[in-house]
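Asks: The residues making up each chain are set out below.
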Amino acid sequence: MTARDGVLIVGGGLAAARTALALRALGHSGPLRLLSEERDPPYDRPPLSKAVLLGTAGPDSIGLLSAAEAAEQGIELLLGRPAAGLDIAARRVALADGDTLRYDVLVIATGARPRRLAALGDRAGVHHLRTLADAQTLRAALLEHPRVAVVGGGFIGLEVAAAARTLRCAVTVLEAAAAPLATVLGAELGALVCAWHEEHGVAVRCGVPVRAARGNGRVEAVELADGSAVAADVVIAGLGVEPAVGWIGPQALEQHRGVVVDEHGRTSATGIYALGDAACRHTGGRCVPGGHWTGTNEQALRVAAAIVGRPDERPPGDGSYFWSDQHDTRLQFAGQVPPGARVTYEAGSVADRAFLATCRVPGDSAPCAVFAMGAPRAFVRRRLEVAAVTRAGATAATGSR
Amino acid sequence: MIEIRIDRTGCQGYGNCVLVAPELFDLDADGIAVARLERVGDEHLDAVRKAVYDCPTHSIAIGQSAPGEPGGSDVG
Numbered sequence: 013m014t015a016r017d018g019v020l021i022v023g024g025g026l027a028a029a030r031t032a033l034a035l036r037a038l039g040h041s042g043p044l045r046l047l048s049e050e051r052d053p054p055y056d057r058p059p060l061s062k063a064v065l066l067g068t069a070g071p072d073s074i075g076l077l078s079a080a081e082a083a084e085q086g087i088e089l090l091l092g093r094p095a096a097g098l099d100i101a102a103r104r105v106a107l108a109d110g111d112t113l114r115y116d117v118l119v120i121a122t123g124a125r126p127r128r129l130a131a132l133g134d135r136a137g138v139h140h141l142r143t144l145a146d147a148q149t150l151r152a153a154l155l156e157h158p159r160v161a162v163v164g165g166g167f168i169g170l171e172v173a174a175a176a177r178t179l180r181c182a183v184t185v186l187e188a189a190a191a192p193l194a195t196v197l198g199a200e201l202g203a204l205v206c207a208w209h210e211e212h213g214v215a216v217r218c219g220v221p222v223r224a225a226r227g228n229g230r231v232e233a234v235e236l237a238d239g240s241a242v243a244a245d246v247v248i249a250g251l252g253v254e255p256a257v258g259w260i261g262p263q264a265l266e267q268h269r270g271v272v273v274d275e276h277g278r279t280s281a282t283g284i285y286a287l288g289d290a291a292c293r294h295t296g297g298r299c300v301p302g303g304h305w306t307g308t309n310e311q312a313l314r315v316a317a318a319i320v321g322r323p324d325e326r327p328p329g330d331g332s333y334f335w336s337d338q339h340d341t342r343l344q345f346a347g348q349v350p351p352g353a354r355v356t357y358e359a360g361s362v363a364d365r366a367f368l369a370t371c372r373v374p375g376d377s378a379p380c381a382v383f384a385m386g387a388p389r390a391f392v393r394r395r396l397e398v399a400a401v402t403r404a405g406a407t408a409a410t411g412s413r
Numbered sequence: 602m603i604e605i606r607i608d609r610t611g612c613q614g615y616g617n618c619v620l621v622a623p624e625l626f627d628l629d630a631d632g633i634a635v636a637r638l639e640r641v642g643d644e645h646l647d648a649v650r651k652a653v654y655d656c657p658t659h660s661i662a663i664g665q666s667a668p669g670e671p672g673g674s675d676v677g
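Chains as they are written, first to last, in our numbering: chain W, 13 to 413; chain U, 602 to 677.
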């Protein structure tokens, strides 16, 4: 690889920052640029739905790659400049402001955008949460103790609901499926999580989709498909994300749930890699979408290793591990829960909301998933024992994308 | 030798370090990370670095020194 145009990483979050740092750690010494649409240097997103809303973390404590560290590592940060197009033949990225950047190697790490529900419209008081700016705006709104409706009971929606409740807002979670997190955790564990939120004073309404928002200019209520309405001054849409790959153009690279990559992050075009929320891994006939912190962390190391010509030949993890901190309790999960899987409570007490559970497909002795609420030590131990859970390839069954 | 230092205030018990290197890390009864040994041989450097890297709260720091030397420079 020539050192002329170097490596261009398009993106400004965890995937981008960790790939840049990994390249330097592996000894890559050529030009290395990071092009981000955000004005803030790369920062960690998990705290945005927790500590940043609660006011216990801010821009200074969640950074992943400061301007100073980037300068020290010879990583050129180009901030506040969105990418607008990709010319593969010319090895060029077009920027929204009209400039172009040439590359020898391109890494697509542009993450994802919050899914928007057309039914909610553009009224003031409707929030999406993806960036630090979104989190700061939302926190300011929550400090007024508004009535809050969270549309979508995924783990981000539930974290926001828990934080809003801690900030003494009245909170209702509106989940179209039968239970929050049901697609990921299965019906039984999903129902448990639902009950636990209700114990903390969060109202949870399941099974009825949102039809519209009401209010002139400002949101006043959310209307459900059964005609009922929930009064709300602040509405947070927690409906998952869509890969932010519109700037690439649909014909340029093979795409599915984002840019399709192999286990080394290689796309269908030579010299172009992708990882994180912007990519989905296709191996062994399965699709593993992005979306979790530890998985993205691992991918960054693998992409950097592939770029410097020393690909990591160990099989990757399945990327299914995630944690979610709600109401001062940690939920942890790894694996998949197919319909019909049965839950076994292995340790702790469900009534005390501190327990470990495994899920099994009837007929299998090995668990297909491990779940813990308020039992981090037990989770880590059990997960170590169940090596098959962390090694199995995941399917595209999760509905959160 | 590698010294492993865990910030017990920053640690929130995610346990990623245990998953990376169960021979080097554990969670104590409060669910906070502990290094099984505070100084380990250089052959563990890759594993320790991965644990540092995978910690969501950036609560692990490592220092390197020659055997018998106290302290050392930060390498991670």
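Don't read these hints as lab results, they were simulated from the structure.
Here the structure is a predicted model, which means the values were calculated and not measured.
Each residue gets a CB set at the ideal place from its N, CA and C atoms; glycine is no exception.
Fair warning: there could be bad hints in the mix.
When the alpha-carbon atoms are kept at most 20 Å apart in a straight line, the in silico DMTMM-like pairs for lysine to aspartate or glutamate are as follows [to be verified]:
id: 1; chain 1: U; residue 1: K651; chain 2: W; residue 2: E325
id: 2; chain 1: U; residue 1: K651; chain 2: W; residue 2: E156
id: 3; chain 1: U; residue 1: K651; chain 2: U; residue 2: E624
id: 4; chain 1: U; residue 1: K651; chain 2: W; residue 2: D330
id: 5; chain 1: U; residue 1: K651; chain 2: U; residue 2: E604
id: 6; chain 1: W; residue 1: K62; chain 2: W; residue 2: D52
id: 7; chain 1: U; residue 1: K651; chain 2: U; residue 2: E639
id: 8; chain 1: U; residue 1: K651; chain 2: U; residue 2: D608
id: 9; chain 1: U; residue 1: K651; chain 2: W; residue 2: D324
id: 10; chain 1: U; residue 1: K651; chain 2: U; residue 2: D627
id: 11; chain 1: W; residue 1: K62; chain 2: W; residue 2: D134
id: 12; chain 1: U; residue 1: K651; chain 2: W; residue 2: E275
id: 13; chain 1: W; residue 1: K62; chain 2: W; residue 2: D146
id: 14; chain 1: W; residue 1: K62; chain 2: W; residue 2: D340
Residues from chain U that keep clear of chain W, each with C-beta distances beyond 10 Å, as calculated [claimed, not checked]:
id: 15; residue: R606
id: 16; residue: L625
id: 17; residue: D629
id: 18; residue: L638
id: 19; residue: E639
id: 20; residue: H645
id: 21; residue: A648
id: 22; residue: S660
id: 23; residue: Q665
Asks: For every hint, state whether the structure bears it out.
Replies: Structure-based check of each hint:
{"no.": "1", "hint": "K651(U) - E325(W)", "verdict": "holds (16 Å)"}
{"no.": "2", "hint": "K651(U) - E156(W)", "verdict": "violated (42 Å)"}
{"no.": "3", "hint": "K651(U) - E624(U)", "verdict": "holds (13 Å)"}
{"no.": "4", "hint": "K651(U) - D330(W)", "verdict": "holds (17 Å)"}
{"no.": "5", "hint": "K651(U) - E604(U)", "verdict": "holds (15 Å)"}
{"no.": "6", "hint": "K62(W) - D52(W)", "verdict": "holds (19 Å)"}
{"no.": "7", "hint": "K651(U) - E639(U)", "verdict": "holds (16 Å)"}
{"no.": "8", "hint": "K651(U) - D608(U)", "verdict": "holds (17 Å)"}
{"no.": "9", "hint": "K651(U) - D324(W)", "verdict": "holds (14 Å)"}
{"no.": "10", "hint": "K651(U) - D627(U)", "verdict": "holds (15 Å)"}
{"no.": "11", "hint": "K62(W) - D134(W)", "verdict": "violated (25 Å)"}
{"no.": "12", "hint": "K651(U) - E275(W)", "verdict": "holds (19 Å)"}
{"no.": "13", "hint": "K62(W) - D146(W)", "verdict": "holds (13 Å)"}
{"no.": "14", "hint": "K62(W) - D340(W)", "verdict": "holds (10 Å)"}
{"no.": "15", "hint": "R606", "verdict": "holds (19 Å)"}
{"no.": "16", "hint": "L625", "verdict": "holds (13 Å)"}
{"no.": "17", "hint": "D629", "verdict": "violated (8 Å)"}
{"no.": "18", "hint": "L638", "verdict": "holds (18 Å)"}
{"no.": "19", "hint": "E639", "verdict": "holds (20 Å)"}
{"no.": "20", "hint": "H645", "verdict": "holds (17 Å)"}
{"no.": "21", "hint": "A648", "verdict": "holds (13 Å)"}
{"no.": "22", "hint": "S660", "verdict": "holds (12 Å)"}
{"no.": "23", "hint": "Q665", "verdict": "holds (15 Å)"}
Checked against the numbered hints above, the structure breaks hints 2, 11, 17 and satisfies the rest.
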